Amino acid sequence: MYFQQSMEPVTTLLSLLLVMAVDSTRSVTLCRNQQCGNFLQQTLKLTRLIHKESVDLIKIYKTTQGDMSELFCKISINNVPDPNISGLDPSERIVSIYSHIQAFLPHFKRVYEQQTDLQLPTNTLMTELTRVSNRSSSLAAMVNCIYQSLFPNMPVPEPAGGPTSLPPSQNIFQQKVYGCVVLKRYKEFLSNAARELRTVKTQVCKKRTQMNVLS
Amino acid sequence: MTAYHRGLLHVLAWVCLASSLPASAEHEYHVMVVPQSPVVEIGSNFTATCMLINTSEATADDLYWISSRSVIPKEQYTKISGSAVNVTITITRDTPQWLLCKCRKPSSPYITIHEGKFVHGILLRKGYHPEKPENLSCVAIQEKDLISPNITCVWEPGIYRSQDLKTKYTLCVTLPGETQKVEAKQNNSAQITFQIFPNHVELDFWVEAENMLGKAESEHLIAEADWFVKTNPPSDVKAISEKQFPTSLLIKWIRPIAKEYVTLMYQIRYRSNRSPSWRNVPPVDIAKEIESFRLQELQPDTVYVIQVRCKSAREGYGYWSSWSANATARTPEDIPKSEPDLWRISRNEREVLLVCKDPVLSNGKIRSFNTSVRRGKASSSTTSVNRSDSDGSSSKIVITILGLIDLPKRETVYVEVVAINSVGKSPKARLEIPAHGAAHERSPAEGLKSWSQSGQLWLEWQPPKVTAGGDAVTEYVVEWDDGLQIDWQRERGNTTRTAIRGSLEKFKRYTISVYSLYSGSIGTPVSVEDFLEQGVPSEGPSVKLNGTPGTHEAQLVWKEIPQDKQHGFITNYTIFYSAGTEEHAIPVPNDTYSYPLRSLSSDTKYEAWISASTIRGSVNGTKHSFSTLKYAPGEIEGIVVGVCLGFLFIVLLAVLICIYKRDIIKKNFWPQIPNPGNSSIGTWSPDFPSKADTPKENAPADVSVVEVDLLDRKSVFEEDKACLPLKKDKYLSEEHSSGIGGSSCMSSPRQSVSDSDEGGDSSETTASTVQYSSVVACSGYKGQTPSSLPKTQQPTFFRSESTQPLLDFEENPDIPRQENSRQFGRLPRNPSFRHSPTSEDSSNSADVNQLEMEDRGGMESLSFCPVEEGPQQTIPTEESQSSDWQQGVPVCSYMPQLGGYRPQ
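So the sequences go chain by chain: V and F.
Residues in the first sequence are numbered consecutively from 1, following our numbering.
Residues in the second sequence are numbered consecutively from 216, following our numbering.
Treat the hints as calculated values from the structure; they're not laboratory data.
Since the model is a prediction, treat every value here as computed from it, not as a measurement.
In this text, a Cβ means the ideal position worked out from N, Cα and C, and glycines have one as well.
Check each hint, because a few of them may be wrong.
[Said to hold, decoys possible] Simulated pairs of lysine to aspartate or glutamate, EDC-like, Cα-Cα distance not exceeding 20 Å:
#1 K474/F - D56/V
#2 K503/F - E475/F
#3 K664/F - D702/F
#4 K59/V - E475/F
#5 K187/V - E70/V
#6 K580/F - E626/F
#7 K62/V - E113/V
#8 K52/V - E475/F
#9 K359/F - E128/V
#10 K721/F - E744/F
#11 K474/F - E128/V
#12 K721/F - E768/F
#13 K359/F - E475/F
#14 K52/V - E504/F
#15 K838/F - E798/F
#16 K59/V - D379/F
#17 K347/F - E434/F
#18 K845/F - E822/F
#19 K52/V - E798/F
#20 K383/F - E425/F
#21 K381/F - D419/F
#22 K201/V - E475/F
#23 K723/F - E798/F
#24 K467/F - E434/F
#25 K52/V - E358/F
#26 K109/V - E196/V
#27 K187/V - E475/F
#28 K201/V - D56/V
#29 K400/F - D379/F
#30 K359/F - E113/V
#31 K430/F - E346/F
#32 K780/F - E822/F
[Claimed, not checked] Label pairs and their in silico Cβ distance ranges:
#33 K396/F - M154/V: 14 to 20 Å
#34 G66/V - E530/F: 47 to 53 Å
#35 R308/F - M154/V: 56 to 62 Å
#36 G531/F - R198/V: 23 to 29 Å
#37 D379/F - K109/V: 50 to 56 Å
#38 Q174/V - A473/F: 32 to 38 Å
#39 K503/F - K109/V: 55 to 61 Å
#40 M154/V - E530/F: 42 to 48 Å
Produce the entire structure from the sequences given, and follow the hints as far as they go.
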């Protein structure tokens, strides 16, 4: 017993070191150094997949919002991230993609919460919302990794403009309009992101390949 | 953990333990071992420390180690202080679990008394370091339109060698943003579940195996999620036939999952419905992400079955899906590309039946055959056939009968046949049927033999001898006939070995013939009989008797088993027959259909049956029961005839005897009865003394036995007894017979035979019983032979020739005595006793009796006095008169009537 008691501090220390080691390993695992083209290709395919799912999601959304669904989706509102990607060079544009994804995630969360009150939990809309949201998280992680991989000496991008501002409390009409706008904007963003990633792949990876060949 | 670290920890633990022990000074143990309950790896060295605590009774030199009741040698000890000693042992599979440290110091009474305080042990838990899991693989299957978020991984855990240590397996996966670990329930598989399947995301799988000795990690399986995907097969696969392309089919399908999830590549395979084997379309011919394909180089008018499957288009990624459901379509028809298979079946020498099969490349449904027969002048005919749609898809080859043709004498017949389908005509098939006898000019194939192998019947032959200037064989036709159906196949001219491709049945006898064809001309066949597979006959032969069984033999007959029930070549028959428990078996050759059973027992029921045998076994036929005769035929008749003949012979003999001996018989059976009316008393012989003096010296020789009746006081000579049984029987059976007038009312019933057994002497009187007469031979001595008498002495007979009934006293001279002693009348006779004739008593008694009778006769008065019932009669015979009377005095019931018939 005495022996065990005397060993406790040692064990605690060892455990702490182990956690640190594991954590460091995990960060490495998150962004494995891959070939530029492959990694971007994966990210591009994932972007297309989310785009495809977002299209399906909008269809499902419209079918689940009742008679005025088309009207809901034609109204534009503010406080929803802009789908356009900003930045001049690839690093900025990648950061922009990453920031947009991060910005959209809270809105997805809000839409999910609002639709939870309006739909049954088993409704396909809820499932698809969750799916798109989850995939978007993965996409954000992958874009982050691309950024770290392509620009290892640059700081990890943080969401521009601080935390995302969410709309205040809304009535049901406003919620439905809001939800449709978020989905549409996100779909547009994904379309833009896919295009941008293809461009980045062409520009950056080709350049890196040439550099590797020269070196 | 290295050995250095382990040693460091060990020392550290020892120090800690040692420092903690004073706190428990009252501890009962004075010996302590560290480490406690260690887990040790097999094959490694293990060091344990034993130390003395709170005692000065002993030192480290008194400590010793025990493993499995044996003391560990001192060479393995290391003394680390005055109160502690180490031991190092190599851990093996056989190392005992317990390691003990003891203190031994005989000089210390305390240690001796408190031995339990100076021993301590530890339990060794042995095992191996966990092995690295190998061959990790994971799969995620499609569910509905998406890939399932459940990923199942399997691996090989390695040889599980640690019996004492449990190994824990953990499946780990890392993807951007998260790491998941799942403890495996089995040691070789686990399932991990994501919220959604992470399409296009790189995943990193590995497995950790961990036990108390350490941890091992498998190789990492790092791949994009598509790597692990197994989709559903393509759906709604269709095959479309286009009339303008008789050798092509267009295939269409729907991909199972959206291309955004998985990019797919496909594999297509097809087969005709007649073939069980699939053909794959070369992968290079199939582009990625397609949803239609055109199959080419197919057979016209053939039903094809097509299947499609898919997988991730990326090289090495994903798993092939299952094959899709069958898509079936028939290619359009085309003109027949090969000639029909023309053949003939001989009916007899003058007639053949023309038959043919559809062309192999019929390319459509044959509608008709155009047959042309040329023999002298050509003739042609068209045979229409009506094939159902199923015929094309059936693997069974249809044989069409084209017709029966007569074979003209000495003229070869040439036959040509063309098959016609909806598109066009086939090439011509030709057959030349030589004139009768001409075929025999071509020698047959030689050495034809057959055998069964791998479910097929194989044939081998040698080509026929080619005669000088003769044609070479262009092809062979192998024909097989099971008695009901005939089929054939063609082989090339250089073939000497082939298997019959038709569907042969087991247990059926086939007659296989090989024909040599010389440019369409048929040669002489050679034949052999064989079975695809032999079996036990389905039934045995029915045995019966030929005729009726004899006393010791029976002829069994049976018939050959019908060929369709033989199921093989009959090797032999075995005849069984039994009577009761004993069973006999007689094997006979297979060409025997009757057998005579011999050496049977007469008048016995037998059961007989026949067992037919093939190389595969035997089967018994029905039993037949029969019984052998008790008498042979004619035996009874012979006996009857013999008996009859014997009887007839006896009758004839009797008749002849009667004829030739009628006088004697007449004399015996119908004696001449003298007329009493003519009777007179006289002496018809010379003087004969009524009482002759028998020479004394003759008595012993002539008289041997004298039987004396107590009642009658009669004695009989021994020689007279020979005739007693017959006489006695006769007398007894005729007890009441009385001869002539024996039952006259006037005459009282009398004894016709004397009661005495000695009455035998009176048997001679039977035939000459005369009621009214009494012949008395009153010779001097009974039993005295006449020869012994002096010839000069002529016997004197007194005879009454009167028909007048005798007086009572004449008939029964003893009546007075019976009357006087009637109570003795029916007493049983005394047993006879014998006297020597020389006995004075017998002779004396005889004399006395005779004298008495004479006296009585003189004294008794004449009166009718019936004697008691059942009198005995004396029936004197002539013989007795002639011989016995002469030889001796008969034992007569009539006492000599001395009074009335005394010689005068």
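Checked hints:
1. K474/F - D56/V: holds (14 Å)
2. K503/F - E475/F: Holds. K503/F to E475/F sits at ~14 Å (cutoff 20 Å).
3. K664/F - D702/F: Within the cut-off at roughly 19 Å; holds.
4. K59/V - E475/F: OK: K59/V and E475/F at ~17 Å, within 20 Å.
5. K187/V - E70/V: Holds, at roughly 16 Å.
6. K580/F - E626/F: Outside the cut-off at roughly 35 Å; violated.
7. K62/V - E113/V: holds (17 Å)
8. K52/V - E475/F: holds (7 Å)
9. K359/F - E128/V: holds (14 Å)
10. K721/F - E744/F: The hint holds at about 14 Å.
11. K474/F - E128/V: holds (18 Å)
12. K721/F - E768/F: violated (40 Å)
13. K359/F - E475/F: holds (15 Å)
14. K52/V - E504/F: holds (17 Å)
15. K838/F - E798/F: holds (13 Å)
16. K59/V - D379/F: Cα-Cα ~60 Å, so violated.
17. K347/F - E434/F: holds (8 Å)
18. K845/F - E822/F: The hint holds at about 17 Å.
19. K52/V - E798/F: violated (91 Å)
20. K383/F - E425/F: holds (5 Å)
21. K381/F - D419/F: violated (26 Å)
22. K201/V - E475/F: The given pair, whose Cα atoms are some 19 Å apart, holds under the 20 Å limit.
23. K723/F - E798/F: violated (33 Å)
24. K467/F - E434/F: Judged against 20 Å, a Cα distance of about 42 Å means the pair is violated.
25. K52/V - E358/F: Measuring from Cα to Cα gives roughly 18 Å; hence the hint holds.
26. K109/V - E196/V: violated (25 Å)
27. K187/V - E475/F: holds (15 Å)
28. K201/V - D56/V: Since the Cα atoms of K201/V and D56/V sit roughly 27 Å apart, the hinted pair is violated (cutoff 20 Å).
29. K400/F - D379/F: At roughly 19 Å apart (the allowed maximum being 20 Å), D379/F and K400/F satisfy the hint.
30. K359/F - E113/V: With a Cα-Cα distance of about 27 Å, the restraint between K359/F and E113/V is violated, given a limit of 20 Å.
31. K430/F - E346/F: holds (8 Å)
32. K780/F - E822/F: violated (24 Å)
33. K396/F - M154/V: 14 to 20 Å: violated (33 Å)
34. G66/V - E530/F: 47 to 53 Å: Distance hint for G66/V, E530/F holds at roughly 48 Å.
35. R308/F - M154/V: 56 to 62 Å: holds (59 Å)
36. G531/F - R198/V: 23 to 29 Å: holds (25 Å)
37. D379/F - K109/V: 50 to 56 Å: holds (52 Å)
38. Q174/V - A473/F: 32 to 38 Å: Distance hint for Q174/V, A473/F holds at roughly 33 Å.
39. K503/F - K109/V: 55 to 61 Å: The hint (55 to 61 Å, Cβ to Cβ) is violated, given that K503/F and K109/V are roughly 38 Å apart.
40. M154/V - E530/F: 42 to 48 Å: Check failed, 34 Å falls outside 42 to 48 Å.
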